[in-house]
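There are 2 protein chains.
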Amino acid sequence: MSSCTTVEELGNEVYVLRLGHRPQRDKRITTHVALVARAFGARGIYIAEVRDDSIKQSIKKVISKWGGSYFEISDGVDPLTIINKIKSESGCIVHLTMYGLPIDNVINEIREKCKKILVIVGAEKVERLYYEIADYNVAIGNQPHSEVSALAIFLDRLWRGREINICFPDAEYYIVPSRRNKVVKRVDRK
Amino acid sequence: MSSCTTVEELGNEVYVLRLGHRPQRDKRITTHVALVARAFGARGIYIAEVRDDSIKQSIKKVISKWGGSYFEISDGVDPLTIINKIKSESGCIVHLTMYGLPIDNVINEIREKCKKILVIVGAEKVERLYYEIADYNVAIGNQPHSEVSALAIFLDRLWRGREINICFPDAEYYIVPSRRNKVVKRVDRK
Numbered sequence: 001m002s003s004c005t006t007v008e009e010l011g012n013e014v015y016v017l018r019l020g021h022r023p024q025r026d027k028r029i030t031t032h033v034a035l036v037a038r039a040f041g042a043r044g045i046y047i048a049e050v051r052d053d054s055i056k057q058s059i060k061k062v063i064s065k066w067g068g069s070y071f072e073i074s075d076g077v078d079p080l081t082i083i084n085k086i087k088s089e090s091g092c093i094v095h096l097t098m099y100g101l102p103i104d105n106v107i108n109e110i111r112e113k114c115k116k117i118l119v120i121v122g123a124e125k126v127e128r129l130y131y132e133i134a135d136y137n138v139a140i141g142n143q144p145h146s147e148v149s150a151l152a153i154f155l156d157r158l159w160r161g162r163e164i165n166i167c168f169p170d171a172e173y174y175i176v177p178s179r180r181n182k183v184v185k186r187v188d189r190k
Numbered sequence: 001m002s003s004c005t006t007v008e009e010l011g012n013e014v015y016v017l018r019l020g021h022r023p024q025r026d027k028r029i030t031t032h033v034a035l036v037a038r039a040f041g042a043r044g045i046y047i048a049e050v051r052d053d054s055i056k057q058s059i060k061k062v063i064s065k066w067g068g069s070y071f072e073i074s075d076g077v078d079p080l081t082i083i084n085k086i087k088s089e090s091g092c093i094v095h096l097t098m099y100g101l102p103i104d105n106v107i108n109e110i111r112e113k114c115k116k117i118l119v120i121v122g123a124e125k126v127e128r129l130y131y132e133i134a135d136y137n138v139a140i141g142n143q144p145h146s147e148v149s150a151l152a153i154f155l156d157r158l159w160r161g162r163e164i165n166i167c168f169p170d171a172e173y174y175i176v177p178s179r180r181n182k183v184v185k186r187v188d189r190k
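Those protein sequences? They're chains A and B, same order as listed. Reminder that position 92 of the first sequence reads as 92 in the numbering used here, one-by-one numbering, no gaps. Reminder that position 83 of the second sequence reads as 83 in the numbering used here, one-by-one numbering, no gaps.
One chain only, chain A, in its complex shape (with noise of 0.2 Å):
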């Protein structure tokens, strides 16, 4: 835990706004989502319009163990209302899809204009709308992948590799780093 980056200490305030959850089908990317979403330093995770608690219990497990209280998981939020108040606040609006610009090409002035991000991430296919909404359609490759390995890529490109070593000080666990073993230490509060 010594050289670890705080999430304050990362920069930009992320959000990540999933859309088109359809709970049979997508449960475990989106919990996946979530995952990288709170271990590569995002805030938060909107899910739009539906609900499903059992990945907010995934999420909350995960927390109470490896930290991250902080980290918000809304589900059966409207995307509008999530998009307009992040527009409000002078934030971006970034969404992750094959078709967009190269990362490479728009991930500096997206660091350096955007102290807040909203991250819009979709399942198969995401409406017209977004590509509007969005100020940066943003291509992880321009090849089909997965959701789950583009939130982390551009998070990872945002913060230049610092994410990796994300410290979460209200961890009741962390790792030590091991050749072969599996190394899980209790944090002594005392």
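Any given hint might turn out to be false.
Put simply, identical chains are the same to the list, so a pair is met inside one copy or across any two.
To be verified - Taking lysine-lysine and the DSS-like style, the derived pairs with C-alpha atoms no more than 25 Å apart in a straight line are:
id, residue 1, residue 2
1, K27, K56
2, K87, K65
3, K182, K125
4, K125, K60
5, K27, K60
6, K125, K56
7, K115, K61
8, K115, K125
9, K185, K113
10, K27, K61
11, K27, K185
12, K182, K115
13, K116, K65
14, K65, K115
15, K125, K27
16, K182, K87
17, K85, K65
18, K65, K125
19, K85, K115
20, K185, K116
21, K65, K190
22, K27, K87
Calculated from the structure, these hints are not laboratory results. In this text, all values refer to a predicted model and were calculated from it rather than measured experimentally.
Based on the hints, put chain B in the right spot on chain A.
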């Protein structure tokens, strides 16, 4: 497609071994792992022990449209057979796990030493055995996230981001990056 990087130019020859796939629960996650493998420059994926035609079909559909016919996908494989094969070819076994050594401490050594690499990604629990067999147990951060994001960040670090511009010369379609639209072109082979 102008300044793209071919899979050969990336250098190391990488395959992915997916452990612990549970057809009901992991269908979409394993599909996303396979899509990341292809899009980020791996040569193929082995799915251990179980067979799952739906994953093979999804990936083959992607390949027929976006290219990468060299990309191998085999299911129902015996993991130790694959591991021993790679070892016999002087390849390295890299196991991605949140308990491992920080990627930034080991990636240069892996890039230089390992011409051929088998990257093992598990589902929830990975047997002790694999920690012992692996030449490198590598952590993409010591926080829980996803095998999808872990694989993407590993390959992105391995190839220093060059894989983002990978070319698939046998693609039928390609995307022209766009600020706000979806621009897909058919490759003209005349």
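Evaluate K27 and K61 at a C-alpha cut-off of 25 Å and name the case that applies: within, between, both or neither. both (16 Å within a copy, 23 Å between copies)
Taking 25 Å as the upper bound on the Cα-Cα distance, should K27 and K56 be classified as within, between, both, or neither? This pair counts as both: shortest intra-copy Cα distance 11 Å, inter-copy 21 Å.
Check K65 against K125 for me: Cα-Cα at most 25 Å, and say if that holds within a copy, between copies, both or neither. Close across copies (17 Å), not inside one copy (34 Å); limit 25 Å.
25 Å Cα threshold - placement of K185 relative to K27: Neither way: K27 and K185 sit 30 Å apart in one copy and 33 Å across, limit 25 Å.
Up to 25 Å CA-CA - K87 versus K182, copy category: between (44 Å within a copy, 24 Å between copies)
Intra- versus inter-copy proximity for K125 and K115 (alpha-carbon distance at most 25 Å): neither (28 Å within a copy, 38 Å between copies)
Should K65 paired with K190 be assigned to within, between, both, or neither, using CA atoms and 25 Å as the limit? within (18 Å within a copy, 59 Å between copies)
Please work out whether the CA atoms of K87 and K65 approach to 25 Å or closer within one copy, between two copies, in both situations, or in neither? Neither: 34 Å inside a chain and 37 Å across chains, both beyond 25 Å.
Tell me, please, which holds for K27 and K60 at an alpha-carbon limit of 25 Å: within, between, both or neither? For K27 and K60, both the intra-copy (15 Å) and inter-copy (24 Å) Cα distances are at most 25 Å.
Which holds for K125 with K27 at a C-alpha limit of 25 Å: within a copy, between copies, both or neither? So K125 and K27 pass the 25 Å test inside a copy (17 Å) and across (19 Å) alike.
Using 25 Å as the alpha-carbon threshold, which applies to K182 and K125: within, between, both, or neither? So K182 and K125 pass the 25 Å test across copies only (12 Å; inside, 40 Å).
For the identical chains here, do K115 and K61 meet the 25 Å Cα criterion within one copy, between copies, both, or neither? neither (29 Å within a copy, 40 Å between copies)
Of the numbered hints stated above, those contradicted by the structure are hints 2, 7, 8, 9, 11, 12, 13, 14, 17, 20 and 22, listed in ascending order.
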